[in-house]
Amino acid sequence: MGSRKLLLEKAHVPGIRGYDVYRREGGYRSVEKALKTMSPDQVTEEVKKSGLRGRGGAGFPTGMKWSFLAKPEGVPRYLVCNADESEPGTFKDRYLMEFLPHLLIEGLIVSSFALGSKSTYIYIRGEYAWIPDILEQAIAEAKNNGWLGKNILGTGFDCEIYVHRGAGAYICGEETALIESLEGKRGNPRIKPPFPAVKGVWDCPTVVNNVETLAAVVPIINEGGEAYSKIGVGKSTGTKLLSACGNINKPGVYEIDMTISVEEFIFSDEYCGGIPNGKRLKACIPGGSSVPILPANLLLKTAKGETRIMNYESLSDGGFAKGSMMGSGGFIVLDEDQCVVRNTLTLARFYRHESCGQCSPCREGTGWMEKILKNIEYGKGKSSDIDLLWDIQRKIEGNTICPLGDAAAWPVAAAIRHFRDEFEWHVANPIASQNRNFGLAHYADPLEVVPA
Amino acid sequence: MADEKKLFKVTIDNITIEVEPGTSILQAARKIGGDVAPPAMCYYTKLKGSGGKCRTCLVEVASGSTADPRPMPKLVASCRTNVMDGMVVKNITSEKVIDARNGVVEMLLINHPLDCPICDQAGECHLQDLSYEHGKEGTRYEFERRTFKKHDLGPYIQLHMTRCILCYRCVFTADQLTEKRVHGVLDRGDHSEIATYIEKSLENDFIGNIIDVCPVGALTDKTFRFKNRVWFLNPVDAHRDCSHPKCSGKVTLWYRGEEVFRVTARKDQWGEVEDWICNECRFEKKATADWTIEGPTKVNRHSVISQGHYVGVVRPQEALYDVMGGRAPRLLMDIHDVSEVNRPEIDLSKLERPAHSTDFESNGADRPTK
Ligand SMILES: Cc1cc2nc3c(=O)[nH]c(=O)nc-3n(C[C@H](O)[C@H](O)[C@H](O)COP(=O)(O)O)c2cc1C
Ligand code: SF4
Ligand code: SF4
Ligand code: FES
Chain A
1 MGSRKLLLEK
11 AHVPGIRGYD
21 VYRREGGYRS
31 VEKALKTMSP
41 DQVTEEVKKS
51 GLRGRGGAGF
61 PTGMKWSFLA
71 KPEGVPRYLV
81 CNADESEPGT
91 FKDRYLMEFL
101 PHLLIEGLIV
111 SSFALGSKST
121 YIYIRGEYAW
131 IPDILEQAIA
141 EAKNNGWLGK
151 NILGTGFDCE
161 IYVHRGAGAY
171 ICGEETALIE
181 SLEGKRGNPR
191 IKPPFPAVKG
201 VWDCPTVVNN
211 VETLAAVVPI
221 INEGGEAYSK
231 IGVGKSTGTK
241 LLSACGNINK
251 PGVYEIDMTI
261 SVEEFIFSDE
271 YCGGIPNGKR
281 LKACIPGGSS
291 VPILPANLLL
301 KTAKGETRIM
311 NYESLSDGGF
321 AKGSMMGSGG
331 FIVLDEDQCV
341 VRNTLTLARF
351 YRHESCGQCS
361 PCREGTGWME
371 KILKNIEYGK
381 GKSSDIDLLW
391 DIQRKIEGNT
401 ICPLGDAAAW
411 PVAAAIRHFR
421 DEFEWHVANP
431 IASQNRNFGL
441 AHYADPLEVV
451 PA
Chain B
1 MADEKKLFKV
11 TIDNITIEVE
21 PGTSILQAAR
31 KIGGDVAPPA
41 MCYYTKLKGS
51 GGKCRTCLVE
61 VASGSTADPR
71 PMPKLVASCR
81 TNVMDGMVVK
91 NITSEKVIDA
101 RNGVVEMLLI
111 NHPLDCPICD
121 QAGECHLQDL
131 SYEHGKEGTR
141 YEFERRTFKK
151 HDLGPYIQLH
161 MTRCILCYRC
171 VFTADQLTEK
181 RVHGVLDRGD
191 HSEIATYIEK
201 SLENDFIGNI
211 IDVCPVGALT
221 DKTFRFKNRV
231 WFLNPVDAHR
241 DCSHPKCSGK
251 VTLWYRGEEV
261 FRVTARKDQW
271 GEVEDWICNE
281 CRFEKKATAD
291 WTIEGPTKVN
301 RHSVISQGHY
311 VGVVRPQEAL
321 YDVMGGRAPR
331 LLMDIHDVSE
341 VNRPEIDLSK
351 LERPAHSTDF
361 ESNGADRPTK
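First to last, the protein sequences are chains A and B.
The working numbering numbers the first residue of the first sequence as 1 and each following residue consecutively.
The working numbering numbers the first residue of the second sequence as 1 and each following residue consecutively.
Hints in this document: simulated from the structure, not taken from any laboratory.
Values in this document were obtained by computation on a predicted structure and should not be read as measured data.
Fair warning: there could be bad hints in the mix.
Derived pair list, reagent style DSSO-like, types lysine-lysine, alpha-carbon separation capped at 30 Å [what the hints assert, rightly or not]: (1) K230/A - K33/A; (2) K46/B - K199/A; (3) K185/A - K6/B; (4) K371/A - K222/B; (5) K96/B - K136/B; (6) K49/A - K235/A; (7) K185/A - K96/B; (8) K149/B - K192/A.
Please model the entire structure based on the sequences and the hints provided.
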């Protein structure tokens with residue numbers, strides 16, 4: 001039967017990308033409701049009540065973030081929509097912007113009203129070359145119909161939305177690097193504090209939110225924060241977009257309410273549709289490349305032996321040692337033919353290439369890890385390399401300016417933690433490892449449950 | 001009013017001092033001085049926005065403040081974290097800090113060429129000091145080190161990017177001191193480099209200061225390059241009435257004999273420039289007649305430069321006899337049995353100038369005359 005869709009419900013209505021169809025299907029109701037019947041603080045209050053958590057990766061409660069925004073007299077405030085989506089495995093924002101651009105614009109208008117942002121920016125990654133046109137078209141249509149510009153709906157609220165294209169750097173998705181880049185500078189993350197809520201774009205108070213987060217404001221206002229918070233469980237409220245890829249029959253973007261199990265998500269026909277060619281599940285990176293990889297046995301069940309559910313709490317159950325994270329929702333599935341060493345090398349190469357190079361542990365450590373992993377993968381590794389890798393990631397983690405350092409360290413740490421024998425096998429069998437895979441090994445065997 | 005201003009109490013490595021609100025942990029620790037002051041490779045007091053990058057100054061905050069005594073979850077960059085009233089900081093008393101700093105030093109060195117024997121910065125290089133004081137012997141890095149092409153930056157400044165630690169100090173200097181900034185960082189990550197647009201800012205009157213702020217030998221003075229080792233030079237403070245309105249005219253002249261080998265700005269005990277100087281003072285005024293001499297520069301005992309000042313250096317107490325229970329180490333071989341070097345009758349500490357090869361000529365005819 002499928003769970004309720006709040007964001008993608010209308011995605012398949014023909015012509016929904018254009019204003020007329022979108023409006024006919026009930027679009028821009030939330031703007032009318034918010035601007036005409038609510039105060040900005042009431043909008044923020046609804047978002048707080050909804051329990052919405054940031055969909056960009058960190059999962060910080062959105063309403064709380066909004067209430068932290070400094071509001072000094074006479075200083076402009078800004079809302080910036082983070083559409084830099086560059087985390088490997090993540091492509092949900094692209095889907096939203098490409099097929100439902102008006103949903104994002106609608107969410108941006110309501111959120112701008114709540115935050116008092118008269119100039120709102122969409123910072124979009126350069127590689128999404130065709131999307132700015134779609135967004136700008138939607139912005140123009142919204143403006144022609146009185147949803148943007150001066151004195152919107154006669155309420156006295158002015159708002160413009162601008163699309164700003166990045167030049168293609170993952171680091172510009174980090175909110176302070178994004179702000180630097182938006183200001184026309186080199187995209188180096190800033191040292192915090194001060195936080196953007198106090199000093200963001202042009203040193204003015206700023207909120208940076210993910211595309212999906214801001215789109216989710218539309219159903220929250222339409223249905224009320226309370227109703228939204230009833231979907232899902234615990235602190236995982238509402239619906240979440242997941243971009244599923246890897247060894248599955250049906251890669252794509254799915255909207256789930258956060259009550260289904262990981263097993264159901266991978267194997268049911270409604271979602272990923274299982275693994276092709278009768279292969280078995282070996283591992284999964286459930287939330288984008290930065291989050292810890294889990295072997296099949298720890299993925300489907302937590303260390304306590306409970307069924308793992310697709311939500312913030314359950315995915316992170318067991319902490320870093322025995323769990324992972326919801327992250328950005330980039331769900332990457334690896335079957336028994338995949339090599340974890342190779343996969344880790346690919347990720348390490350990515351982080352080495354994307355580090356901004358400001359802080360020494362990240363600049364130097366990411367390159368070092370890549371080189372060692374390359375040796376191991378190509379049969380030139382030594383057994384001491386595995387401990388060395390562990391030590392390098394440990395020296396990076398927590399010691400850098402921005403979380404990219406951590407994001408580079410975690411995948412390496414998790415791969416060694418859970419797949420150490422696969423690394424050792426590579427080192428011990430330099431020739432065999434060039435011709436065949438370690439395979440599934442014991443990674444799907446049921447684990448002994450340690451009673452809590 | 002002024003004397004009512006509340007001071008913040010901060011405890012660093014069990015030593016408590018009072019500092020003004022707004023003071024960074026690093027500056028507070030420098031007030032205490034000695035080993036309590038964390039090493040700083042990128043922060044520079046005079047350069048706005050500097051710091052936070054190299055991560056050598058990481059410290060542990062064991063208690064945030066009296067109001068909120070919780071510890072901070074991660075180590076923080078002391079150069080960019082301000083003290084709070086009642087804060088408790090651990091620097092050299094924290095295992096975590098020592099371990100993390102080891103890591104940072106190692107990272108800074110894995111791609112460094114370690115070409116100290118041919119580097120002009122050797123002897124006054126902060127990376128040398130850092131690795132000596134906070135690093136580990138040996139390296140675990142077994143790969144080819146990163147190199148960059150050399151760029152020609154005109155007559156005065158040599159950029160040797162391979163030695164750069166990307167502290168960004170020169171970028172801030174060019175940005176804040178020179179008229180039009182055409183100097184920055186290109187590319188990113190381990191392949192980022194100081195931009196060659198620096199060539200253009202070279203025309204600026206103050207660009208020479210980037211040589212002084214560079215902690216390593218990535219930016220060196222072409223008028224001095226390969227002319228001498230710094231430890232053979234005698235630094236002397238001097239000044240002149242410089243016509244440039246922004247130039248302090250206060251410098252250190254580096255002598256060998258009667259000759260001025262180079263001119264630099266004066267540096268404080270943390271290696272930071274006290275007052276900026278213009279290119280003319282730095283590159284063009286190399287005669288004693290150009291300057292009013294003030295006297296010998298005070299040199300830190302730890303500095304290798306102090307080894308040029310032979311007379312009056314106090315030798316530290318020898319602990320070895322105590323460690324060995326009063327016994328003297330057994331002499332296995334006297335070098336003079338087999339070699340003419342360091343002839344015992346020549347007392348090096350009596351030389352008022354650096355030792356020369358002539359002091360060791362094998363016929364032994366010319367003894368030191370002074
Ligand atoms: C290296 C790095 C890359 C990031 N990339 C993105 C991104 O592409 N999109 C995004 O929404 N958030 C990204 N983030 C997270 C943002 O810094 C920020 O937390 C987020 O935009 C906040 O929005 P939210 O609260 O709606 O999740 C990234 C963070 C880091 C450290
Ligand atoms: S952690 Fe990496 S990406 Fe982040 S600021 Fe430091 S060098 Fe740049
Ligand atoms: S050239 Fe020197 S001052 Fe400039 S960034 Fe490199 S190390 Fe720092
Ligand atoms: S001196 Fe503080 S991080 Fe470099």
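Do the hints match the structure? See the list:
1. The straight-line distance between the Cα atoms of K230/A and K33/A is roughly 21 Å, inside the 30 Å bound, and the hint therefore holds.
2. Between the alpha carbons of K46/B and K199/A the distance comes to roughly 22 Å, so the proposed pair stays at or under 30 Å and holds.
3. For the proposed pair K185/A and K6/B, the alpha carbon gap of about 38 Å is over 30 Å, so the pair is violated.
4. A C-alpha spacing of about 36 Å is found between K371/A and K222/B, which places the hinted pair above 30 Å, so the restraint is violated.
5. With a C-alpha separation of about 15 Å, the suggested pairing of K96/B with K136/B holds against the 30 Å cut-off.
6. Distance hint between K49/A and K235/A is fulfilled; the C-alpha atoms sit about 11 Å from each other, no more than 30 Å.
7. For the proposed pair K185/A and K96/B, the alpha carbon gap of about 35 Å is over 30 Å, so the pair is violated.
8. Restraint check for K149/B and K192/A: the C-alpha separation of about 34 Å exceeds 30 Å, so the hint is violated.
Hint violations for this structure: numbers 3, 4, 7 and 8, all remaining hints satisfied.
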